[in-house]
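Just need the whole structure built from these sequences, with the hints factored in.
As a plain string of letters, each chain reads:
Protein chains: 2
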Amino acid sequence: MKKKQEVEKSLKNLGGKVLGDIDKGENPSIDVPIRTLSNVKFDVESQMIKMGGSLAKRYFFNVGHVRKFVQTIEAAAVAKELIDVQKHLSLRETFYKMKRTLPNSNINLVDEQEESNAAIEDLELITGASREFLHINANKLGSVAGKVVVEDKGDTIDWSKLGSGGWAIPSNVEEIIFKKVDAKFIIYLEKAAEWERLHEDRVWEKLNCIIISSQGQATRGIRRLLQRLHVEHKLPVYILVDGDPWGAYIYSVIKYGSISLAHISQELAIPGAKMLGLTADDVVKYELKRHLIKFEEVDVKRLEQVKNYDWFKDNKEWQKQFKLWKELNGKVELAALSSKGITFISDKYIPDKIKHKEWLD
Amino acid sequence: MKKKQEVEKSLKNLGGKVLGDIDKGENPSIDVPIRTLSNVKFDVESQMIKMGGSLAKRYFFNVGHVRKFVQTIEAAAVAKELIDVQKHLSLRETFYKMKRTLPNSNINLVDEQEESNAAIEDLELITGASREFLHINANKLGSVAGKVVVEDKGDTIDWSKLGSGGWAIPSNVEEIIFKKVDAKFIIYLEKAAEWERLHEDRVWEKLNCIIISSQGQATRGIRRLLQRLHVEHKLPVYILVDGDPWGAYIYSVIKYGSISLAHISQELAIPGAKMLGLTADDVVKYELKRHLIKFEEVDVKRLEQVKNYDWFKDNKEWQKQFKLWKELNGKVELAALSSKGITFISDKYIPDKIKHKEWLD
Chain A
968 MKKKQEVEKS
978 LKNLGGKVLG
988 DIDKGENPSI
998 DVPIRTLSNV
1008 KFDVESQMIK
1018 MGGSLAKRYF
1028 FNVGHVRKFV
1038 QTIEAAAVAK
1048 ELIDVQKHLS
1058 LRETFYKMKR
1068 TLPNSNINLV
1078 DEQEESNAAI
1088 EDLELITGAS
1098 REFLHINANK
1108 LGSVAGKVVV
1118 EDKGDTIDWS
1128 KLGSGGWAIP
1138 SNVEEIIFKK
1148 VDAKFIIYLE
1158 KAAEWERLHE
1168 DRVWEKLNCI
1178 IISSQGQATR
1188 GIRRLLQRLH
1198 VEHKLPVYIL
1208 VDGDPWGAYI
1218 YSVIKYGSIS
1228 LAHISQELAI
1238 PGAKMLGLTA
1248 DDVVKYELKR
1258 HLIKFEEVDV
1268 KRLEQVKNYD
1278 WFKDNKEWQK
1288 QFKLWKELNG
1298 KVELAALSSK
1308 GITFISDKYI
1318 PDKIKHKEWL
1328 D
Chain B
968 MKKKQEVEKS
978 LKNLGGKVLG
988 DIDKGENPSI
998 DVPIRTLSNV
1008 KFDVESQMIK
1018 MGGSLAKRYF
1028 FNVGHVRKFV
1038 QTIEAAAVAK
1048 ELIDVQKHLS
1058 LRETFYKMKR
1068 TLPNSNINLV
1078 DEQEESNAAI
1088 EDLELITGAS
1098 REFLHINANK
1108 LGSVAGKVVV
1118 EDKGDTIDWS
1128 KLGSGGWAIP
1138 SNVEEIIFKK
1148 VDAKFIIYLE
1158 KAAEWERLHE
1168 DRVWEKLNCI
1178 IISSQGQATR
1188 GIRRLLQRLH
1198 VEHKLPVYIL
1208 VDGDPWGAYI
1218 YSVIKYGSIS
1228 LAHISQELAI
1238 PGAKMLGLTA
1248 DDVVKYELKR
1258 HLIKFEEVDV
1268 KRLEQVKNYD
1278 WFKDNKEWQK
1288 QFKLWKELNG
1298 KVELAALSSK
1308 GITFISDKYI
1318 PDKIKHKEWL
1328 D
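So the protein sequences, as listed, match chains A and B.
Counting from 968, one number per residue, gives the positions in the first sequence under my numbering.
Counting from 968, one number per residue, gives the positions in the second sequence under my numbering.
Note that these hints are calculated values from the structure, not bench results.
Some hints here could point you the wrong way.
Identical chains blur together in the list; that is why a pair holds if it fits in one copy or across any two.
Derived SDA-like pairs (lysine to any residue); straight-line CA-CA distance at most 25 Å [unchecked claim]:
#	residue 1	residue 2
1	Lys1252	Asn1073
2	Lys1128	Ile1143
3	Lys1054	Gly1308
4	Lys1307	Leu1076
5	Lys1307	Gly1183
6	Lys1173	Tyr1253
7	Lys1147	Ser1127
8	Lys1024	Glu1294
9	Lys970	Gln1233
Structure below.
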């Protein structure tokens, strides 16, 4: 991850390059890494989904290129302004900020958010900085608790002293400073209700860990927070999701990265993350068969897709699970563990799993 | 709102009533207020959607009643257990906890969550307590910031010292104690991104207010937090939503309550809440016409529905807005204000509106 100063330098270099072309009387151009599927692959060595090295040259004086060229430069101008005034915008706000009409024309610089998004993604590649460093934020979601003290915007925040709510995770966690991290591992939960379960049962205190939840797919802010704690503080990450192909995909994205964000896997992926549950084995072991919710056609189809991902297809343990899911022909929710007792997930399921190293890798 | 002890007493009374019937050799019965549309109406005096007084008697020895009768008693038993052990469950977890097979049969007490939900709603009516007091929680969502200090679960939390994240609002805010409230009003935002905008611009500090956001429809926890601050600390509530019928509906629910939760409007509705924006007038005044997103058929249909609600249909100002929306034939997002400048919403739009009392009632 590039540091703040380097990001500013990258933006300056981009502008300097274009101005240089103009000074030399050349057709202004920028090099943009290609973000098509053909340039994305699973990198076995790093165990991450990564981008290949293919580059494309984009010219100003080229009818097919000019719109994207100008959009990328405009995205850079917005990022520079944001950095200069020390403010942030969301992706949607950035779209509206970029959506201006070119002078003496009825042409909008961007008409749809897809265009500003693509320009921002190109800018991430050109500058080597994730858009959080360009002051363009992702969605805000999720809560965290644990024996951790952070410094953020001049405030000192103790994640163990925030009542039943916990700390609301910001969309951008790049500038958070970890002052004290007194935890042995992290539990990530797909469901906010299960986070409240663990929090009420004070699992983070009893097991000396950090608990983090999203609601559905983990946002960039949550993934980056997990990754920073994992990398900077060597904390193992255990993932708890509903037992279905969609849960397996949430795990997959946190662990290996995703195709659409392949260019920043280095900052988001956590190859060391472990799947704690719910596994198909859990359904048998914890007698949850009666709580199976029958797969719809879309679930069966998704199961086939996920099963055949490059990073799963040679993994014997995962293939065993996928096979068993197909036999079970239904999904099981984390909430179903409540049928075993109000605090079963906190007092028995999680401690046992961690004690016996009962996870999938 | 009944106090804790009263709720426990109500649960005991329910059990006592049924046991009494059995002792007397009578057919055990419970009285349940009727939750059909015909028993729900807009109460002009209180300006809330409220339930009428119709009651239904539900008998144990009645083939058509027995399933619901037993489900309601089971919900009461779960609530009592939760209160006894001082734990909470989510609606979904409660469903799984109630979903047990009756001894010597293959009959599940509940098969679908709709059944446990209905039993819990009946129990709210029977005990006169919202389900948060029965220890059954709603969804967890949202963030809050402002010069407020609360006490929750033994922790003292200062909403003005929580960095860029803010406090994550718990699903259940009944036990929060307000220790210090140094604010003149509350701004509620439909979008988390706009909350981050206002928070980064420190609007809560500059205007001396509290900022609260959901992401889409406000959860019960958020509505109850708004209502408690409004009632207990006499703070005006200003609502900021996207300019479309869906935003108008979010406002409508916060202000007047909703049909499905009519039985607890007293605890959730805020008849004094004001609509700050985005209004149809705003589109004209702030030259946002170019950012209109054309209505789909579903939007036009929704507009007609909302326009004809009892509490809107005689409101001249709102009818003027609905008419103008129809002419504009498109929605406008809060994020579109970014086109006027990064901090326009914080530095100009909100302060001007509040200064000139430019809101809808």
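Status of each hint after checking the structure:
Taking identical chains as interchangeable, the C-alpha atoms of Lys1252 and Asn1073 lie at most 25 Å apart only when they sit on different chains, with a minimum of 22 Å there against 65 Å within one chain. For the homomeric pair Lys1128 and Ile1143, the shortest alpha-carbon distances inside one copy (18 Å) and between copies (14 Å) are both at most 25 Å. In this assembly of identical chains, Lys1054 and Gly1308 lie within 25 Å of each other by CA distance solely across copies; the values are 11 Å between and 47 Å within a copy. When the C-alpha separation of Lys1307 and Leu1076 is checked against a cutoff of 25 Å, the pair qualifies only between copies, where the shortest distance is 15 Å, while the shortest distance within a copy is 57 Å.
In this assembly of identical chains, Lys1307 and Gly1183 lie within 25 Å of each other by CA distance solely inside one copy; the values are 24 Å within and 33 Å between copies. In this homomeric assembly, Lys1173 and Tyr1253 come within 25 Å of each other (Cα to Cα) only inside a single copy, at 23 Å, whereas the closest approach across copies is 54 Å. For a Cα distance limit of 25 Å, the shortest separation of Lys1147 from Ser1127 qualifies both inside one copy, at 11 Å, and across copies, at 21 Å. Taking the shortest alpha-carbon separations for Lys1024 and Glu1294, neither the intra-copy value of 50 Å nor the inter-copy value of 46 Å comes in at or below 25 Å.
Proximity of Lys970 and Gln1233 under a CA criterion of 25 Å is satisfied intra-copy only: 14 Å inside one chain copy versus 52 Å between copies.
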